[in-house]
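Enquirer: Numbered by mature numbering (1 follows the signal peptide of the UniProt record, and there is no 0), the letters in the sequence shown go through residues -21 to -1, 1 to 325 in order.
A couple of the hints might just be wrong.
Between beta-carbon pairs, the in silico distance windows are [what the hints assert, rightly or not]:
hint, residue 1, residue 2, range
1, Met201, Asp296, 33 to 39 Å
2, Leu15, Ala102, 37 to 43 Å
3, Asn142, Pro89, 27 to 33 Å
Bear in mind the hints are in silico, worked out from the structure with no lab data behind them.
Note that this is a predicted model, so its numbers are computed, not measured.
Glycine residues also receive a C-beta, built at the ideal position from the N, C-alpha and C atoms.
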Amino acid sequence: MQPIKWILLFFSLFNSLLSVAQPIHPADYGLKSFTLRDKKLGKISFYLDTININKKAPLFLDVNGSGGYPLCFLIKGKGYERVMNTFKPFHISQTQVQYHYILLDKPGTPFCDTIYTDQGKDAFNGTTLLESYRPSPAYTQQMSLEWRINASKAVLNYLVSKNYWDRSQMIAFGYSEGAQVVPALAVAEKKISHVAAVVGSGLNQFYDEILQFRINAAIGKMTHPQAQDSIESKMKEIEAIYRDPANTTREYRGHSFQRWASFGSSIPFEELRKLDIPIYVVASSNDRNSPIYSLDYLWLDFIRLGKTNLTYKTCVDCNHSLISGKDDKALSNYSDYFMAILKWIK
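Could you build the full structure based on these sequences and the hints that come with them?
Expert: What follows is the structure in structure tokens.
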């Protein structure tokens, strides 16, 4: 699970007095709601931008990051209300003219939920609020890599069958956990023409933790015997997950065994190298959530294979939210990379 303090940086914030209407409905973002029902997947809720909804257009699928969070939170505090989004409304405004923008709910998750807090406006702490938020039982029961792949595929095929697609481009964009979804999705859905993966993983996600112990020993943060003991303990935890891959009651770092085992069953670089379509990967060099090491390996492997369909970009000194620098010198680079991806698609 991505630590909440980093997830929060990806949120869009809206503030207002209590008398002002808050953007808590899909229509407030220029989105139309759709619902599909599948015997295995259950209810699939998704949203489509409304600008050119009656015209055929290329499809732009936005697959967001981890956690059983709604796309919108309405925070009700003392004398104020605040909206936090777990997606980027900026994506809609930048894609809706040229594409049909598509966004899915997580399983068992509403578009928006309300959190009540005693925090005053000046003392607002989104991290604390999110740490106390628990996803629905339906999310825990259903959440897996396979669910996200198959639900996305079902939505794309629905839109194709209803003549929303102009049969040109079909883009799969993923951020964080979504960047781990889109490689396997593109392998499963042959109509996808472009893949963009931002701060995902290249190798098995568990390997990031193992490697970090080795690095900590090498730079003196812990001794080598301590690192070895930590790795052996970690391997036992990982082994327990792989031995019980359908368990939804046992958790590891905030997610069910099922979620971890499913994402650990598909290695992103193995899926990506199966593809001959254009691929755009963004890595952050100071990312503690998705360390760059495994993504550098992806770049190396494409060179080894002689494949030329990968565009690999590094946001130097950036964290998981593509923010470089600290405090008053912090700079968000996210919009620059997103716009570069849109330019690359054209």
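Enquirer: Hint by hint, say whether it matches the structure.
Expert: So, going through the hints one by one against the coordinates:
1. Taking the beta carbon of each, Met201 and Asp296 are about 24 Å apart, not inside 33 to 39 Å as hinted.
2. Under the hint 37 to 43 Å, the C-beta atoms of Leu15 and Ala102, about 42 Å apart, fit the expected range.
3. About 29 Å separates the C-beta atoms of Asn142 and Pro89, a value consistent with the hinted range of 27 to 33 Å.
In this structure, only the earlier hint numbered 1 is contradicted, and the remaining ones agree with it.
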